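Now for the letters of each chain:
Protein chains: 2
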Amino acid sequence: MADVAQRANVSLMTVSRAIRGVEGISEQKRVEILKIARQLKYVPNSAARSLAVANSNLIGISLPTFAGEVFADILNGMRRTFDSAGYSSVIDTTEYNPEAELDWVRRLLSWKPAAIILTGIDHHPEVRDALRSAPIPVLEIWDQADDPIDVCVGIDHRAAGRVIGQHARDCGYEKPSFVSAPRGHDVRADARLQGIRDVFEGVDVLTRRPELSDAFSTGFEGTRDLIFAAKPDVIFFLNDHMAFGGLMACQMAGASVPDDVGIVGFNGLDITGVLPIRLTTVRTPRRLMGITGARNLLARINGVTVQRSTILPIEFCPGETTRSK
Amino acid sequence: MADVAQRANVSLMTVSRAIRGVEGISEQKRVEILKIARQLKYVPNSAARSLAVANSNLIGISLPTFAGEVFADILNGMRRTFDSAGYSSVIDTTEYNPEAELDWVRRLLSWKPAAIILTGIDHHPEVRDALRSAPIPVLEIWDQADDPIDVCVGIDHRAAGRVIGQHARDCGYEKPSFVSAPRGHDVRADARLQGIRDVFEGVDVLTRRPELSDAFSTGFEGTRDLIFAAKPDVIFFLNDHMAFGGLMACQMAGASVPDDVGIVGFNGLDITGVLPIRLTTVRTPRRLMGITGARNLLARINGVTVQRSTILPIEFCPGETTRSK
DNA sequence: CTGTTAGCGCGTTCAC
DNA sequence: GTGAACGCGCTAACAG
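Here the protein sequences line up with chains F and A, keeping their order.
Taken in order, the first sequence gives residues 4 to 328; the numbers are from this note's numbering.
Taken in order, the second sequence gives residues 4 to 328; the numbers are from this note's numbering.
If you are wondering where the hints come from, they were derived from the structure by calculation, not from laboratory data.
From a predicted model like this one, the values you see are computed outputs, not experimental measurements.
Any given hint could be a false lead.
A pair counts as met if it fits within one copy or between any two copies, since identical chains are not told apart.
As the list claims (entries may be wrong) - With a cut-off of at most 30 Å between alpha-carbon atoms, the simulated DSSO-like pairs for lysine-lysine come out as follows:
| hint | residue 1 | residue 2 |
| --- | --- | --- |
| 1 | 32 | 44 |
| 2 | 328 | 44 |
| 3 | 178 | 234 |
| 4 | 178 | 328 |
| 5 | 38 | 328 |
| 6 | 115 | 44 |
| 7 | 234 | 328 |
| 8 | 32 | 115 |
| 9 | 38 | 178 |
| 10 | 328 | 115 |
| 11 | 328 | 32 |
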């Protein structure tokens, strides 16, 4: 920067102002300085800037995993928004491990990020502490929080569970089961299960939680085992990929869908667009959620107060994998 | 940090040494200081550190998109490795736009990252310039480069194209077509097409490049259109998700697979594990690629010289969606 | 509109 | 094994 200043015969401050595009400098000098900077291939030093102003244009984003469309969609919506606002994304995948998230949060805080985004609402207590006392906006996304760390944008997973549960009940199914992730592993799954139980009170909701592998096989294997053992008449799945695996398992086992077994997915993933049989599922506004979250956060960064908790609507899509009422 | 020093009755330097874990400080003081730091909730300032040492523990990773399993898998392999080495990932999605990548590279360089990773080998000329002259390791991943910016880990997409092309030929198919991404949009696709053409010389390789949407529908719609128009007897797809869409389209159109139409996917994605009919495809070592790339890069960061270009092997998986020889 | 001064928090370099 | 001085590159706050 000193080089640029010298070549332009101005002070460091003038160069700084020119580059940052702030007020208080003649348009002529600005153009001149920017030209010289380009010639000299001047690369600003963000660390120095960050040190001087005590913050950065980094935004931290923590998600459980890149696998599946869900978090990718959310991330996409957010990244787009942040990017055009000049922020860079420091991304973490926790693999559902709170300790890993804590480590990452600590490391991130040392960069004085402009904001931080966490997936879901259950975090390591120290994460909550650290973030509550940190003077930066925090967004919790995907779930609904009664008492978010700062702000929160998500859907009501329990209500979603009630919707699909009620539908199944209305269709005459009586022996539901749920192919899901390991308990405690994914609080959303637990919330949805709770919603299903709200409807099927007194009815046993079987929960099959196969070991982790990919969603398709998990759905496939979970279903295969269930069909031969517990013989449910309707199976809820954590997501549409699992549901597809389940569909394949039913087909292979000779169980007819939707008569012998009803299949209910979740999320409205891309694959539903090409299946020969319309999957009963719930469409979740993942991109919108990302965008809304990012907007809220940008507003917070700029000091605007926003609604603490935002619940986005979901859309229930009855299909042909459950009986008609 | 000054607070910690005062409370411990030592100088700033001693605290600095204690926290960094370097030599030249008594074990007793180190323990003492670390305890006080924790009590005081001391948060180091990475910007200051970065400014002093003129580098950072940030690693930049640029990929086209989060959609699909491919880049997610690669990313996963890398992130794991970097994370445990203490680096944070600054991630960008270019959406296949070289300008976007350039902007991001510029912004990233201002942070003096420890390394930078780009997907593929075709980049904005200024990206190459900027990175060639920057004193940091650069990894290009997924493709094979004759002349990488720095180092490169990938597969030989053209050779992969030849493998599937040859297989199709051996099975007696004569009228191939390729459902792919828009030309120029994805150089890997073009390389694979080239490989197919290497085999089917003189044979017209139809290329269907539907507008962007999700992979499943792209495969579905591309196939539907092709079947009625060009009537190919074998269709190659950019990936397995597209191939699945194609499979569904054939089923709907009453075209029997593999007799009327052969279907060839790519990548060996998760969905292949649950299909009732084994998909002919090519398994790509995506996770391994990520890990290998990350290891190479860490080696480079530590000054070790590594092979400039690494080609990973692929595995051809003949299935039931192509005729047997 | 422009320049000067001071300092952001840490690590390097040298003393002791 | 420990500490003091200096500087990394930039910007806030002021002075002109």
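If you test the structure against every hint from before, which numbers come out violated? 2, 5, 9, 10, 11
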